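With the hints as constraints, model all of the structure from the sequences given.
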Amino acid sequence: SYTGRPGVLVFSDAYHGRTLMTMTMTYKKDPYKKGFGPFAPDVHCLPYPAEGIELNYNDVSFNPEHIACAVIEPVIGEGGFIPASKSGLSALRNFCTKHGIVLVIDEVQTGFGRTGSFFAIEQFGVNPDLMTIAKSIAGGLPLSGVVGLAKIMDAVHVGGIGGTYSGNPVACAAALAVLNIIDQEALPERAIEIGKMVRARINSIIPNCSWIQEVRGLGAMIGIEIVNQKSGAADKDRTNRIHQYALEHGLIMITAGTNGNVIRTLMPLTIDDDTLDEGLHILTAALAQA
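In this text, residue positions in the sequence shown follow my numbering: the first is 9, and each later residue adds one.
If you're looking for bench data, these hints aren't it; they were derived computationally from the structure.
Since we're looking at a predicted model, the values are computed, not measured.
One or more hints might be untrue.
[To be verified] Calculated lysine-lysine pairs in the BS3-like style (CA-CA distance at most 25 angstroms, straight line):
1) K106 - K159
2) K143 - K37
3) K41 - K244
4) K36 - K244
5) K94 - K106
6) K143 - K204
7) K42 - K244
8) K204 - K94
9) K41 - K143
10) K143 - K36
11) K244 - K37
Below, the structure written as structure tokens:
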């Protein structure tokens, strides 16, 4: 409504949801797109601007004047916990400003202290036009939202956007309580502490685990990439064995990555040190023995 344009720009390895449009915007086909379709038109994809990847926005295969918005995760979630580079997000911001494109930052997984700041985008020196939020906002109860510039939010006619469960009062009350706890318990700062402890424990076993290619992320959003120690290729089988070992020993985790070879850690920010240590003991054993 704000731009009157049809196009959407997304980035490789992205995950944005499971509606028709957000499935189209999501990069990974199996399981998210498998068996579904047809998908929405006018969705264009560029390489994700991670560290070391510089995009030439003067040489794109689409007309920027037809793009309504660019949607990006400051740290890729399902795609493997890959942070964007500061220069990459800055270049995207400049590109969007130049062509009148709305920059949408997807903070569904990164928001509310997870990465060491209230929103991850705060660490990149970039101001978005819109942000999508969900997950941690209500401590497990279903709640999501869009926040942004008033001129964009007000561009949609009254009643144009809504849903059966919009504004659920119980979920909203939970969100208010969560916001108080984040503030009172300084959870963004706690996320940084957790991240340091996780990295230290994983880094301590890397000399004996040549299949751990990289430990990356921001704050308490840490991904561990697993590869074949001989070929360097993504090792989904070993990743699944690590996952299964941890599960059998009492630690529930999930895998991620376009190739299914990333272990992702998303422990509660309210976790105490003893429980974290117990979980890391299982995780390091799984990484070493699987």
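A quick look at each hint next to the structure:
1. K106 - K159: holds (18 angstroms)
2. K143 - K37: At roughly 22 angstroms apart (the allowed maximum being 25 angstroms), K37 and K143 satisfy the hint.
3. K41 - K244: holds (20 angstroms)
4. K36 - K244: Judged against 25 angstroms, a Cα distance of about 15 angstroms means the pair holds.
5. K94 - K106: Roughly 18 angstroms between the alpha carbons, so the hint for K94 and K106 holds.
6. K143 - K204: This hinted pair holds, its Cα atoms lying about 23 angstroms apart.
7. K42 - K244: holds (19 angstroms)
8. K204 - K94: Holds, at about 21 angstroms.
9. K41 - K143: holds (22 angstroms)
10. K143 - K36: Between K143 and K36 the Cα gap is close to 20 angstroms, so the pair holds against 25 angstroms.
11. K244 - K37: holds (16 angstroms)
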